[in-house]
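Number of protein chains: 2
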Amino acid sequence: MKGKLFVVGIGPGKNDLLTIRAQKAIEQSEVIVGYKFYVELVKELCEGKDIVNSFMTKEIERCKIAIANAENGKIVSLVSGGDSGFYGMAGPVMELVQRKDIDVEIIPAVSANNAAAALLGAPVMHDHCSISLSDRLTPWELIEKRLHLAAEGDFVISLYNPKSKGRPDFINKAVEIFLKYKTPETVTGIVRNAERENQSIVITPLDKVLQEEIDMFTVIIIGNSNTREVNNKMITPRGYKL
Amino acid sequence: MKGKLFVVGIGPGKNDLLTIRAQKAIEQSEVIVGYKFYVELVKELCEGKDIVNSFMTKEIERCKIAIANAENGKIVSLVSGGDSGFYGMAGPVMELVQRKDIDVEIIPAVSANNAAAALLGAPVMHDHCSISLSDRLTPWELIEKRLHLAAEGDFVISLYNPKSKGRPDFINKAVEIFLKYKTPETVTGIVRNAERENQSIVITPLDKVLQEEIDMFTVIIIGNSNTREVNNKMITPRGYKL
Numbered sequence: 005m006k007g008k009l010f011v012v013g014i015g016p017g018k019n020d021l022l023t024i025r026a027q028k029a030i031e032q033s034e035v036i037v038g039y040k041f042y043v044e045l046v047k048e049l050c051e052g053k054d055i056v057n058s059f060m061t062k063e064i065e066r067c068k069i070a071i072a073n074a075e076n077g078k079i080v081s082l083v084s085g086g087d088s089g090f091y092g093m094a095g096p097v098m099e100l101v102q103r104k105d106i107d108v109e110i111i112p113a114v115s116a117n118n119a120a121a122a123l124l125g126a127p128v129m130h131d132h133c134s135i136s137l138s139d140r141l142t143p144w145e146l147i148e149k150r151l152h153l154a155a156e157g158d159f160v161i162s163l164y165n166p167k168s169k170g171r172p173d174f175i176n177k178a179v180e181i182f183l184k185y186k187t188p189e190t191v192t193g194i195v196r197n198a199e200r201e202n203q204s205i206v207i208t209p210l211d212k213v214l215q216e217e218i219d220m221f222t223v224i225i226i227g228n229s230n231t232r233e234v235n236n237k238m239i240t241p242r243g244y245k246l
Numbered sequence: 005m006k007g008k009l010f011v012v013g014i015g016p017g018k019n020d021l022l023t024i025r026a027q028k029a030i031e032q033s034e035v036i037v038g039y040k041f042y043v044e045l046v047k048e049l050c051e052g053k054d055i056v057n058s059f060m061t062k063e064i065e066r067c068k069i070a071i072a073n074a075e076n077g078k079i080v081s082l083v084s085g086g087d088s089g090f091y092g093m094a095g096p097v098m099e100l101v102q103r104k105d106i107d108v109e110i111i112p113a114v115s116a117n118n119a120a121a122a123l124l125g126a127p128v129m130h131d132h133c134s135i136s137l138s139d140r141l142t143p144w145e146l147i148e149k150r151l152h153l154a155a156e157g158d159f160v161i162s163l164y165n166p167k168s169k170g171r172p173d174f175i176n177k178a179v180e181i182f183l184k185y186k187t188p189e190t191v192t193g194i195v196r197n198a199e200r201e202n203q204s205i206v207i208t209p210l211d212k213v214l215q216e217e218i219d220m221f222t223v224i225i226i227g228n229s230n231t232r233e234v235n236n237k238m239i240t241p242r243g244y245k246l
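As given, the protein sequences belong to chains Y and E, one line each in that order.
Taken in order, the first sequence gives residues 5 to 246; the numbers are from my numbering.
Taken in order, the second sequence gives residues 5 to 246; the numbers are from my numbering.
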């Protein structure tokens, strides 16, 4: 029997932000593959199934295990935090299955950015860039160039992977670049653990961002020149007359 | 009794791409407000409720009706296609409720862009810009500037509102700008009616985009310099060694 591989974005964390399609894919799967932390978030759906965990840096190993199980005729869900198409597992899977006879279905999800935005109010709303500050797979020079161009274009900017042990000062460099184009008062939202335990939400001016706690589970959304803070919410007007 | 207003992103269209949270919000609401087309997509959840439709250009009127109902102590869902925080209703609502005593909850969703990406394969994956080509609320000069900067930064670029009757040639101008920075072969995905009736998915080189059918229900995703087409899927490698 031909195997089936679902690449399932489970959203930011809380179970009620799963889509119905994601829930059904996991329920009908025989094998669940994913980073332990994400599998734990959907464990109620996984009872009685084969579960393959692996560690954070073993992304490609996980993809290969999921594909191998599907090649053996199994129905498999590879679970991914957020949306698997945004800095996630959809890409490596699509590359690895090129010459294999497996049905693959990517299930879109609520991304970390969408979840963080909703918690902040309406900070995105308009033309928008996402940039990852991780240089593990991208040269820092290119990241820096993109930071300049995004700020020059007055885009709303979301920063993924803003800080890790190996590169604690990249966020400092990013803020420094933004301040060349944006005012120090530019409204900025910092969401840690969006829709997970220990969630925190801070709205602060751009030049005060570095005073806040920032880690790998943080999304930072920097407003455009029209973004305002109102009643502890971050709002980027679209331009409607109200 | 204090009213409650849910701003509910219903995702791209198919009911199984609703989140569980969105479904519950609609189910517990007494009043549903939304553009007819979107309310129709979730009509099974709306039986027995007060439904207020209005026309496409009456966004602000819909927000005000929803808020007025919540001020009267009702539980209200304002439904929005895609994610309400991306070119949607979250912004106007947050601006309009500033001085009112209503609980507002924004429910994040699968955006049109996330849905289109999953249908194409894994086209986004990396640093990414979204730009709307509608000049109804944004001066064309600013849109044009953003098109230049996004292309110069080799971002993956999603175009929203690529074409309407009033401005049929903006997409031509956008492609012309992109071709100053990107090769004619740059892999481009065109998704019409993602996860709705009459869905169509095309992958084509950038210089052939204008030969395809494009309308207001189309999302166009232009790859970066590493994006490839493989087996009729669009893949932007993240950079992993596979």
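Among these hints, one or two may not hold up.
Identical copies look the same in the list; a pair holds intra-copy or inter-copy alike.
Claimed, not checked - 20 Å max Cα-Cα, derived SDA-like pairs, lysine to any residue: (1) Lys-47 to Gln-215; (2) Lys-177 to Asp-54; (3) Lys-8 to Val-234; (4) Lys-40 to Pro-143; (5) Lys-53 to Ser-168; (6) Lys-8 to Asn-235.
Please keep in mind that the hints were generated in silico from the structure rather than gathered at the bench.
Within a copy, between copies, both or neither: where do Lys-53 and Ser-168 come within 20 Å Cα-Cα?
Close neither inside one copy (33 Å) nor across copies (49 Å); limit 20 Å.
Within a copy, between copies, both or neither: which one fits Lys-47 and Gln-215 at a CA-CA cutoff of 20 Å?
Answer is neither: 36 Å inside a copy and 47 Å across each miss the 20 Å cutoff.
Should Lys-8 paired with Asn-235 be assigned to within, between, both, or neither, using CA atoms and 20 Å as the limit?
Cα proximity of Lys-8 and Asn-235: across copies only (17 Å, versus 48 Å in one copy).
Reference check for the pair Lys-8 and Val-234, CA-CA at most 20 Å: within, between, both, or neither?
Result: close only across copies, 19 Å inter versus 48 Å intra.
Alpha-carbon proximity between Lys-40 and Pro-143, which holds within one copy, between copies, both or neither at 20 Å
Neither: 29 Å inside a copy, 47 Å across copies.
Which holds for Lys-177 with Asp-54 at a C-alpha limit of 20 Å: within a copy, between copies, both or neither?
Neither, since 44 Å and 52 Å both go past 20 Å.
Of the numbered hints listed earlier, those contradicted by the structure are 1, 2, 4, 5.
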